[in-house]
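A.B. asks: Read off the chains here:
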Amino acid sequence: MTVSAMSCAQVRELAPELALGILSGAERAEVVLHVNGCARCQAYVAELTEAADAIPQLAPEAEPPVGFEARVLQRLDAGERRTRRRWIAAVAAVAAAAMIVSITVVRVIESNDSTSARQEATPITPAPKPVAVPMQLTAAPLPAGWAYVSDGHGVAVSVSYGMESGGYTVQVKSPSGRAENIGTMTVSDNHGSWTGRSSRPIRAGSTISLVDATGAAVCHGTVPTAL
Amino acid sequence: MWTVSDETLVAGLASGDRDAASAFVQRFERRVYGLARTIVYDDRAAEDIAQEAFVRAWKHSSAYDPRRGSVVGWLLTITRNLAIDAVRVRRPVVIDPASLLGYDAASTDRSPGDHAELSEDSDRLRAALAQLPEEQSRAVVLAGLLGYTAREVGEIEDIPLGTAKTRIRTALLRLRAALVSEEQE
Numbered sequence: 148m149t150v151s152a153m154s155c156a157q158v159r160e161l162a163p164e165l166a167l168g169i170l171s172g173a174e175r176a177e178v179v180l181h182v183n184g185c186a187r188c189q190a191y192v193a194e195l196t197e198a199a200d201a202i203p204q205l206a207p208e209a210e211p212p213v214g215f216e217a218r219v220l221q222r223l224d225a226g227e228r229r230t231r232r233r234w235i236a237a238v239a240a241v242a243a244a245a246m247i248v249s250i251t252v253v254r255v256i257e258s259n260d261s262t263s264a265r266q267e268a269t270p271i272t273p274a275p276k277p278v279a280v281p282m283q284l285t286a287a288p289l290p291a292g293w294a295y296v297s298d299g300h301g302v303a304v305s306v307s308y309g310m311e312s313g314g315y316t317v318q319v320k321s322p323s324g325r326a327e328n329i330g331t332m333t334v335s336d337n338h339g340s341w342t343g344r345s346s347r348p349i350r351a352g353s354t355i356s357l358v359d360a361t362g363a364a365v366c367h368g369t370v371p372t373a374l
Numbered sequence: 034m035w036t037v038s039d040e041t042l043v044a045g046l047a048s049g050d051r052d053a054a055s056a057f058v059q060r061f062e063r064r065v066y067g068l069a070r071t072i073v074y075d076d077r078a079a080e081d082i083a084q085e086a087f088v089r090a091w092k093h094s095s096a097y098d099p100r101r102g103s104v105v106g107w108l109l110t111i112t113r114n115l116a117i118d119a120v121r122v123r124r125p126v127v128i129d130p131a132s133l134l135g136y137d138a139a140s141t142d143r144s145p146g147d148h149a150e151l152s153e154d155s156d157r158l159r160a161a162l163a164q165l166p167e168e169q170s171r172a173v174v175l176a177g178l179l180g181y182t183a184r185e186v187g188e189i190e191d192i193p194l195g196t197a198k199t200r201i202r203t204a205l206l207r208l209r210a211a212l213v214s215e216e217q218e
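Respectively, the protein sequence lines represent chains A and B. Just so we're aligned: the first sequence equals residues 148 to 374 in the working numbering. Just so we're aligned: the second sequence equals residues 34 to 218 in the working numbering.
Isolated chain A (complex conformation) (with noise of 0.2 Å):
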């Protein structure tokens, strides 16, 4: 491993070039190279990059030609073909979102894998795509996160819209109405994430459900034919 002939000193004169981006060829190389080795460069490029980041923004805003957005999807209904493997991505995504550890997540896909391995599953579960299950407020009908059930067990629950600070029970409904408490998660200024596991299957029809200290499901969303 070479290491970076650059000072701290050097690299933070060409910091700002870095982070907005006009950094060329062998100058960003080796200031990379010294900015993955030094903590403290490393945050100060950050803080830079934040800054930077936020200039785009200054663009005036113009309406793109008639039938944009739809070409837009049709390329990503093409990719999707392609990538179904994104199912797994998404519930590392709703963790990145929340700020949760990555290693639930491994244990989550992991045992996707070893339930999908079982022949006992029952018929109608052992899918290993996630399925997005958006979640709506009960008091009114507004989107308030997502959730997403994976193997038909896996769990993980995002919410970021209208929901009061506090503890809530992650509550899943069978389609018989039996309920299960899976967990519980904390939201904070709107924001909350868990993720987990729920014995019995989930299944079509399955309500998700954040219940408050009352016992009101406070948000709530039903798992959709396709699992």
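Since the hints were derived computationally from the structure, they do not count as laboratory data. Possibly wrong hints are sitting among the right ones.
Okay, the calculated bits of chain B under chain A, using three or more residues with CB under 8 Å as the criterion [claimed, not checked]: (1) 81-93; (2) 97-106; (3) 155-168; (4) 179-186; (5) 191-202.
This structure is a prediction, so every number in the text was calculated from the model and none was measured. For glycine and all other residues, C-beta sits at the position ideal for the given N, C-alpha and C.
Once you have looked at the hints, place chain B on chain A.
C.D. replies: Relative to the frame of chain A, chain B by itself:
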């Protein structure tokens, strides 16, 4: 109606949820396309870049980390880098940074209350830029928005390379300081 946070839309995008993808495009298409057009100065090229920006955002959506910046900052940085790559070989006319700084955010037909947080961010930045000496704000906009290197900024402004670098660095440090102190208020 979509009132979910930008971060939640990104999570939905990563999951392959079509409604989330549609809402994501609708929420940001004017900003993405507007930025691409500002840099490449060509409607057709701007659409290609804007489309590609959304495809890239979708591909990398599972790696988006809110701790490292806002969704709009992340998406527009993707757009900016694509647009700059596209014009690096053959630069269009030089845009006067002053015309961008003087741009009136209130004149867009954005609906009231929509993206309040986003416009507040760019308003704060615009206010911070206005506090800088004009030559510094020009330098940092030429570099940070339009992607000119320090050498190119020197040529455009007819100043030595060292002076261009100093202006860019000083301006970014002051913007950073201004944004941080605003956050702490």
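A.B. asks: Now, for every hint given, state plainly whether the structure supports it.
C.D. replies: Structure-based check of all given hints:
Remark: the region 81-93 of chain B is confirmed as covered by chain A, as 6 of its residues place a Cβ nearer than 8 Å to a Cβ of that chain, reaching the required three. Taking a C-beta to C-beta cut-off of 8 Å, the region 97-106 of chain B contributes 8 residues in contact with chain A, enough for the three needed, and the coverage statement holds. Counting residues of the region 155-168 of chain B whose CB falls under 8 Å from any CB of chain A gives 4; the rule of at least 3 is met. With 4 residues carrying a beta carbon less than 8 Å from a beta carbon of chain A, the region 179-186 of chain B meets the three-residue requirement, and the given coverage holds.
Proximity of the region 191-202 of chain B to chain A, defined as three or more residues with a beta carbon under 8 Å from a beta carbon of that chain, is established by the 3 residues found.
Violated hints are absent here; each numbered hint is respected by the structure.
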